[in-house]
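Q: Listed here are the chains, written in short residue letters.
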Amino acid sequence: MRTQMHWATPWHRLARKHWVAVATAAVVFVISMAGWAAGKNGRDAAAKLADETGKTAEAQAAKADTVHITIQTVPPRKAQVKWGRKNLGAIPVPRALVVERPRDSGPLDLIIRASGFLPVHTRAYTFTDSRVAVKLTPPTEKSKLFGYREELAPNPDAGAPAAPAAPVPVLEPPKP
Amino acid sequence: MKSVFLVCAVTALAGNFGCHVGTQAPPSTAPNQGLPPQTPATVAKPAHAAPEPQPAPAPNPAAVSEPAYTDGQALVIHDGKEGWTDAEAALRSGYTIVDFSDDWTPFIFAEQHAADGTVLHNRYRRVFLGLANDTLDEDGEPLPAGEKNHLELYGIPPSLGVLRARFLTDEQQTCHATISLEKVDEVESIAYVAPEKTKVEEQRTARLRHELEDARVKAKVTSLAELAQKDPTLAAKVKAYERRTAEKSAMAEVEKRLACEGMFKRGVRHATGVYDEAMRLAVRRFQQKNMIYEANYLRSKTMDALARPPLANDYQSFMRVLRERVVSAAGVLEDGSVEGKSGAPTYTGKAGKPVPVRNLVDELTQSAAEQLGLASEEGVLAFFKRHPAADFRRLRVAVKLPALPEYYAPDMDLAIVIDRGEVWYDLPWDAKGVRHAQPRKRYPSFHLYVKHNNQRILLARWRTTVGGWRAEQASDGYEYFRYKGSDVGPRVIRNIVAGPVWIAPESTPTRSLVKMKDVGGAWQRVVNYDELGPGYLSAYGVVAGYFVQPGKNGRADWDNGIRAHGSSDYLSIYSSEGYSHGCHRLPNHIAIRLYSFILRHRPMRVLGDQGMGFARQFLAGDDVFEIRLPSRGYSYQLEPPLPVDVLEGDIKGTLKTPVLTYVPKPGTKYPGPPPAVRSSDEGRAGASAKPEGEE
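Residue numbers (the working numbering), protein chains in the order written: chain A, 782 to 957; chain B, 743 to 1437.
Among the hints, a few may not be true.
[As the list claims (entries may be wrong)] To give a feel for the contact side, a few chain A residues facing chain B, derived at Cβ under 8 Å:
| # | residue |
| --- | --- |
| 1 | Val855 |
| 2 | Gly865 |
| 3 | Asp885 |
| 4 | Pro888 |
| 5 | His902 |
| 6 | Tyr906 |
| 7 | Phe908 |
| 8 | Lys916 |
| 9 | Lys923 |
These are calculated hints, taken from the structure and not from any lab test.
For clarity, every value in this text was computed on a predicted model and none was experimentally measured.
Backbone N, C-alpha and C define an ideal beta-carbon position, used for all residues, glycine too.
Just chain A, with the same shape it has in the complex (with noise of 0.2 Å):
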């Protein structure tokens, strides 16, 4: 598991040089590299899909064996990021913090921490590359999140009777 954030690269300034040809050729070299280097461990997965599938490997092999997650905050905040006992980090802002998994290797419960907000408990997949925007919420506006228990009153005779009442039955009307 290895986290890492966005960069600005490089081809970008080759691209404003005008080298677009040469750039295009470089990053599909690249990529092509990459592919090939990643289709070592790529192989037996694409395999194990064509077996599944009756597919051909070539289909297959256009998924890439990790996915990647974008974590990020509204509105955003510096967060710390954790999945049980690991921390995998502080979102970056204003950019997210992205997480690289096996891909398909089961959900992450990630806990995320931000000062001054209410903790958020949530879940990234790892069946493709997914971004998870997460709502913070100050402690004093949490009276709008459902859930909230409207407090009782003071004199715990206000309100309704705790023994029910027989209920006043307003019944279905029939059926369209």
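We have chain A; now place chain B onto it with these hints.
A: Only chain B this time, still in chain A's reference frame:
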């Protein structure tokens, strides 16, 4: 410069694609045997099997050697001897090919293809296979070494590779020799004694023993049996004492048996002789291993299985697994559930004579077992010894099954009828909060019919559930009771979803939406995805048919959230007090058979994975939990849809129509009057939202 890069790129691309060409599944090298009609030729095991592609998505680490056959071959028994035959030729000769491979799934989880040939992957297939092969857990994460899933009760039978290992291990297991199955067999059940009352019960038994012993000495007889004969007033006490003593002896043997089979959970301490939580969990595990529908106590069915030798139980497991494979291969459903006191119902056959509806599930399974020499425990053990683990990667067998009834066709005129049985709308408690029984003599039942030659033939009839009073969380964050009934009248099933996802409505009590989970060695609270799915614990089970009223004049179907679905809450289906939230529950394995059967005998379209990007947050304590659901499941569309009729049943009690408002729970204090009821089409499922404390 440009050309150098381009050459490199082209070369690299060529290499990249080229290196994957070799990963294709090898073409079958099995020769066409040119089988004569009705008799498949057999060939000796090939000296060199074809190169072996990787196994199913959840590989069994034990399977490392090469299987003894090629891809296109199937095992066949000819003159009592095993041989290999070309599967396609065997099919043409009237044989049925039964999939014995470890990457078998029921039809609903098989990889399907779109009209253009594209594979429509099913997300849950990999997990299903991993669960069946004891390689993955319910989240699709690797199962710790040595762990077993035991999920037959949830609709996921073990793979044959797992069963093979079970047979071979149990044959070698020595700890069973120390267990007296006779002592277990002596009692029909063992009365439950709560852990905190165990000592009191022991003291009571000791007092009884002293009392009876004194009486025996005074009566000058040699045994308690004689005492009971001589003094009939003590007969009941003698009987009670003897039963308790026999139960205690049996309990000790049961504990040994459960320990020997590895049923006790690691880290949960068990006190000898006490029916504590560790014992309850071990009994539940044993029941799940042996597919016993019974509460987690030592009752009759559980005791029967505990009194059988392990290999005898293994053989029953094998027959259940074989049954699912045969049912899947033959595409049948009739399981004898329609038989009543006067036998099976009949229909008028082609010859004009009454023909009883056959129990094809048992008939075909037995036929396959006999042809393959697997109709006995010894036969199965020998079979597993003959075939190494590697053979089960893609093993298929050819069997000649009895002909199917005349009403079978690719497009069968099927229809579902659900009888709600006896229904109560009254509140189950009075103004003081005291519960009142609402007895039912006639329970809800699910019927599948086929129309053939102007006759309606009943193929299957199963117990199911209807809705009742359930707990719901209102917008004020408090739980109330609400009557969640099952709709009455004509409906259709247009969509069948394999691995369905239940989007918990906002009315779901949050206490049921959070659970503890070991995440990488740390226990943390997580959203309870078990219940959302996809998965065998999902509120919709492993497969669901969605009841809708068809839209007219271009309008969309009306979906009131009623489904007929598999359920992990299997005891609720057979319980006298079992109710759903409005859906009709079936045991998962029955739901799998039902929908596989419907999909194979009705025109349908595979829609595939229904991706979505659902996310919703809720508060539990001072933490925010976020439900994230990437898919609704794997969908099939019936064209035309399947007709369903839900009969009203007999309304019992005073109220003749359901209460529509929230009703406060007895003993709960609320901040104000009940808020308005919220409705959603997902509000009719949810095994969780039952009354607090209910099992």
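Q: Does the nearest C-beta of chain B fall within a distance shorter than 8 Å of the C-beta of Tyr906 (chain A)?
A: holds, 5 Å
Q: Can we keep the Lys916 (chain A) interface hint, with Cβ of chain B closer than 8 Å?
A: Since chain B brings a Cβ to about 6 Å from Lys916 (chain A), closer than 8 Å, the hint holds.
Q: Next item in the hint list is Pro888 (chain A). Is there a CB on chain B closer than 8 Å to its CB?
A: holds, 6 Å
Q: Interface hint check: Asp885 (chain A), Cβ to nearest Cβ on chain B, cutoff 8 Å. Holds or violated?
A: holds, 6 Å
Q: Does the CB of Val855 (chain A) sit less than 8 Å away from some CB of chain B?
A: Constraint on Val855 (chain A) not satisfied, violated at 11 Å.
Q: So, as I understand it, the hint says Lys923 (chain A) touches chain B; can you test that by seeing if any CB pair is closer than 8 Å?
A: Holds - the Cβ of Lys923 (chain A) comes within 8 Å of chain B, reaching about 6 Å at its closest.
Q: Quick check on the hint: Gly865 (chain A) CB to chain B CB, less than 8 Å?
A: holds, 3 Å
Q: Tell me if Phe908 (chain A) is really an interface residue toward chain B, meaning its C-beta lies closer than 8 Å to one of theirs.
A: holds, 6 Å
Q: Grab the minimum C-beta distance from His902 (chain A) to chain B and call the hint holds if it beats 8 Å, violated otherwise.
A: holds, 5 Å
Checked against the numbered hints above, the structure violates only hint 1.
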